[in-house]
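Undergrad: Now for the letters of each chain:
Protein chains: 2
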Amino acid sequence: MPKELYFEDFYVGQTFNSLGGAKVTAEEIKEFGQKYDPQPFHLDEAAGEGSFFKGLAASGWLTAAIVMRMRVQTVPVVGGMIGAGVEEIRWTLPVRPNDIIRSEIEVLGVRQSSSRKGFGIVRTRTLVYNQRNEQVMRSVVNFLAPMKTA
Amino acid sequence: MPKELYFEDFYVGQTFNSLGGAKVTAEEIKEFGQKYDPQPFHLDEAAGEGSFFKGLAASGWLTAAIVMRMRVQTVPVVGGMIGAGVEEIRWTLPVRPNDIIRSEIEVLGVRQSSSRKGFGIVRTRTLVYNQRNEQVMRSVVNFLAPMKTA
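From first to last, the protein sequence lines are chains A and B.
Under the UniProt record's numbering, think of the first position of the first sequence as 1, with each following residue one higher.
Under the UniProt record's numbering, think of the first position of the second sequence as 1, with each following residue one higher.
In case anyone wonders, no lab produced these hints; they're calculated from the structure.
Misleading hints may appear alongside valid ones.
Quick list of in silico lysine-lysine cross-link-like pairs, DSS-like style, CA-CA up to 30 Å [to be verified]:
no., chain 1, residue 1, chain 2, residue 2
1, B, Lys3, A, Lys35
2, A, Lys3, B, Lys35
3, B, Lys54, B, Lys23
4, A, Lys35, A, Lys54
5, B, Lys54, A, Lys35
6, B, Lys54, A, Lys148
7, B, Lys117, A, Lys30
8, A, Lys3, B, Lys30
9, A, Lys23, A, Lys117
10, B, Lys3, A, Lys23
11, A, Lys117, B, Lys148
12, B, Lys30, A, Lys117
13, B, Lys54, A, Lys3
14, A, Lys30, B, Lys23
15, A, Lys54, B, Lys3
16, B, Lys3, B, Lys23
17, B, Lys54, A, Lys117
18, A, Lys23, B, Lys35
19, A, Lys54, B, Lys35
20, B, Lys54, B, Lys30
21, B, Lys30, A, Lys54
22, A, Lys30, B, Lys30
23, B, Lys30, A, Lys35
24, A, Lys54, B, Lys148
25, B, Lys35, A, Lys35
26, B, Lys54, A, Lys30
27, B, Lys23, A, Lys35
28, A, Lys54, A, Lys23
None of the values given here were measured: they were computed from a predicted structure.
Here chain A stands alone, though its shape is the one from the complex (with noise of 0.2 Å):
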């Protein structure tokens, strides 16, 4: 585990990226869609075929669940990563069963919070692709972090 960092450790153009592939199961993808995203095309190959996506597709929820744990994994800060909200969500193209996911994330802004004494804000662009270096989902998420000098 890299050393846990403070608001003041993070900058403008700073990047993380994530320490491995996460693996989309059809299982994960019927699993999560049986419980939060219960449409045909994320719960059944058959009934897949026939829909917008023509077959089998992770719920974009699932995705987005799976690059916030990459995100916990890759960006260690002081005392866990509280989210500040969501600037934006894309999801460009579908996740399919056994693909295989990765992220990039780069500091895009850093700013004190004005709400929160003691935090700063960091904003975040985070870039998804699978297997195929293809773009499945982008993202600008914002987190709190401590200030050293609070």
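Starting from the known structure of chain A, arrange chain B on it as the hints suggest.
TA: Quick look at chain B alone, frame taken from chain A:
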């Protein structure tokens, strides 16, 4: 199940309320945390006590996933609800074990898709409340709906 909706059935100001509340258990918080957001305050009551959240709290991505399920249950789009991107998510209060959350969806805009022939884009705001009617999340999400005239 209400009748399925085409793009032409959506209009600005239209609302869809979740049919009931979803109880968020400590078990679900921990299970989701272990899989997708493995941080102490999503995994363990005692570890959560010493954290920013002062106790166990749901991952914001779990809340977002539950809200997606409510969206599927509440807004019956012909062919299924295909995400066309998120413009904003804000988590305004922690979701705690045994909180019961509900959602109110309002259509903010409708427009034809320039990239997806035969589809329109429905822009929606979702407000999410707990059992004390405190807002815990809000979001602006777009989805595709097929055109009846296509």
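Undergrad: Next step is simple, just say for each hint if it's right about the structure.
TA: Comparing the hints with the structure gives:
Of the supplied pair hints, the one linking Lys3 (chain B) and Lys35 (chain A) holds, its CA atoms being roughly 23 Å apart against a limit of 30 Å. Of the pairs offered as hints, the one joining Lys3 (chain A) and Lys35 (chain B) holds, with about 23 Å between alpha carbons and a cut-off of 30 Å not exceeded. Distance restraint check for Lys54 (chain B) and Lys23 (chain B): the Cα-Cα separation of roughly 20 Å lies within the 30 Å cut-off, and the hinted pair is therefore satisfied. Between Lys35 (chain A) and Lys54 (chain A) the alpha-carbon distance is near 22 Å, which keeps this suggested pair within the 30 Å criterion.
For the given pair, Lys54 (chain B) sits about 28 Å from Lys35 (chain A) by alpha-carbon distance, which is consistent with the 30 Å threshold. A hinted pair counts as satisfied when its Cα atoms are at most 30 Å apart, and Lys54 (chain B) with Lys148 (chain A) qualifies at roughly 20 Å. Straight-line distance between C-alpha atoms of Lys117 (chain B) and Lys30 (chain A) comes to about 29 Å, which keeps the hinted pair within the 30 Å bound. Distance restraint check for Lys3 (chain A) and Lys30 (chain B): the Cα-Cα separation of roughly 25 Å lies within the 30 Å cut-off, and the hinted pair is therefore satisfied.
Taken as a hint, the Lys23 (chain A) and Lys117 (chain A) pair is broken in the structure, with Cα atoms around 39 Å apart against an allowance of 30 Å. Between Lys3 (chain B) and Lys23 (chain A) the alpha-carbon distance is near 37 Å, which puts this suggested pair outside the 30 Å criterion. With a C-alpha separation of about 52 Å, the suggested pair Lys117 (chain A) and Lys148 (chain B) falls outside the 30 Å cut-off, and the hint is violated. Restraint check for Lys30 (chain B) and Lys117 (chain A): satisfied, since their Cα atoms lie roughly 29 Å apart, inside the 30 Å limit.
With a C-alpha separation of about 24 Å, the suggested pair Lys54 (chain B) and Lys3 (chain A) falls inside the 30 Å cut-off, and the hint holds. Proposed proximity of Lys30 (chain A) and Lys23 (chain B) is supported: the alpha carbons are some 22 Å apart, at most 30 Å. With a CA separation close to 24 Å, the supplied pair Lys54 (chain A) and Lys3 (chain B) stays within the 30 Å bound. A threshold of 30 Å between alpha carbons decides the hint, and for Lys3 (chain B) with Lys23 (chain B) the separation of about 27 Å falls inside it, so the pair holds.
In summary, the hint linking Lys54 (chain B) to Lys117 (chain A) is supported, as the alpha carbons are separated by about 16 Å, within the 30 Å threshold. As the CA atoms of Lys23 (chain A) and Lys35 (chain B) are separated by approximately 13 Å, the hinted pair is consistent with the 30 Å bound. Between the alpha carbons of Lys54 (chain A) and Lys35 (chain B) the distance comes to roughly 28 Å, so the proposed pair stays at or under 30 Å and holds. At most 30 Å may separate the alpha-carbon atoms for a hinted pair to count; Lys54 (chain B) and Lys30 (chain B) meet this at roughly 16 Å.
The straight-line distance between the Cα atoms of Lys30 (chain B) and Lys54 (chain A) is roughly 34 Å, outside the 30 Å bound, and the hint therefore fails. The suggested pairing of Lys30 (chain A) with Lys30 (chain B) holds, with an alpha-carbon distance near 20 Å, which does not exceed 30 Å. Between Lys30 (chain B) and Lys35 (chain A) the CA atoms are separated by roughly 15 Å; this keeps the pair inside 30 Å, and the hint holds. The hinted pair formed by Lys54 (chain A) and Lys148 (chain B) meets the criterion: a straight-line CA distance of about 20 Å does not exceed 30 Å.
Between the alpha carbons of Lys35 (chain B) and Lys35 (chain A) the distance comes to roughly 14 Å, so the proposed pair stays at or under 30 Å and holds. The suggested pairing of Lys54 (chain B) with Lys30 (chain A) is violated, with an alpha-carbon distance near 34 Å, which exceeds 30 Å. In summary, the hint linking Lys23 (chain B) to Lys35 (chain A) is supported, as the alpha carbons are separated by about 13 Å, within the 30 Å threshold. Of the supplied pair hints, the one linking Lys54 (chain A) and Lys23 (chain A) holds, its CA atoms being roughly 20 Å apart against a limit of 30 Å.
Hints 9, 10, 11, 21, 26 from the list above are not met by this structure, while the remaining hints are.
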